[in-house]
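A.B. asks: Listed here are the chains, written in short residue letters.
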Amino acid sequence: DQQVKQNSPSLSVQEGRISILNCDYTNSMFDYFLWYKKYPAEGPTFLISISSIKDKNEDGRFTVFLNKSAKHLSLHIVPSQPGDSAVYFCAASEKYGGATNKLIFGTGTLLAVQP
Amino acid sequence: SQTIHQWPATLVQPVGSPLSLECTVEGTSNPNLYWYRQAAGRGLQLLFYSVGIGQISSEVPQNLSASRPQDRQFILSSKKLLLSDSGFYLCAWRRLAGLNEQFFGPGTRLTVL
Chain A
1 DQQVKQNSPS
11 LSVQEGRISI
21 LNCDYTNSMF
31 DYFLWYKKYP
41 AEGPTFLISI
51 SSIKDKNEDG
61 RFTVFLNKSA
71 KHLSLHIVPS
81 QPGDSAVYFC
91 AASEKYGGAT
101 NKLIFGTGTL
111 LAVQP
Chain B
1 SQTIHQWPAT
11 LVQPVGSPLS
21 LECTVEGTSN
31 PNLYWYRQAA
41 GRGLQLLFYS
51 VGIGQISSEV
61 PQNLSASRPQ
71 DRQFILSSKK
81 LLLSDSGFYL
91 CAWRRLAGLN
101 EQFFGPGTRL
111 TVL
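Each protein sequence line maps, in turn, to chains A and B.
If you're matching positions, the first sequence starts at 1 in this note's numbering and goes up one per residue.
If you're matching positions, the second sequence starts at 1 in this note's numbering and goes up one per residue.
If you're looking for bench data, these hints aren't it; they were derived computationally from the structure.
In this text, a Cβ means the ideal position worked out from N, Cα and C, and glycines have one as well.
One or more of the hints may lead you astray.
Claimed, not checked - Not everything, but these chain B residues come out facing chain A in the computed CB check (under 7 Å):
(1) GLY43
(2) LEU44
(3) LEU90
Extracted from the complex, chain A is given alone in its bound form (with noise of 0.2 Å):
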């Protein structure tokens, strides 16, 4: 069972407009969200985060929203460049600084920028 789920494969979007990545999840008990970047052949980058107390967390061109509700969170890009091409993770964890804290991922999207 799937429990972040990153519905879109991949992403083109041309340079200097929005790049919107999507991710949704089924656990009510996740309270801490993050946005990973990951170049071929390298480590995932961490990249921006938002707890469930917030519905927004901005941090330069990056900005995370969350929607409780609707279990749903997305990852805006603004405006998006060529070097931002790479995979994105969603990820999720349960416990807020538990000492077991574990991550689930999402399967990615691979976001290209066109020049």
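Following the hints, put chain B in place on chain A, whose structure we already have.
C.D. replies: Chain B in isolation, oriented as in the chain A frame:
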């Protein structure tokens, strides 16, 4: 600052051979440590995690094992590799207390032939 190392970067092994992948973390103490695998076209699957020396939790039954002989060292092993063990193996760390961000190493590409 904290740094996480993994080696080797790539590995090609025959079926039935043993495996040892190593992960070390610098610049932090008593971290939580994790082993993940990314199979082709799949997401990140958690294999093992450790909250301290000698403490290992397994997430899925498999042909692999993990050990934590030192505070900042995490080892992934197998006695006999299977074809299905091929994949991209990632080690990650997290501070014991605080936010849930995990930080990943560069990964090891394992191909079992």
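A.B. asks: Hint by hint, say whether it matches the structure.
C.D. replies: Evaluated hints:
{"no.": "1", "hint": "GLY43", "verdict": "holds, 4 Å"}
{"no.": "2", "hint": "LEU44", "verdict": "holds, 4 Å"}
{"no.": "3", "hint": "LEU90", "verdict": "holds, 5 Å"}
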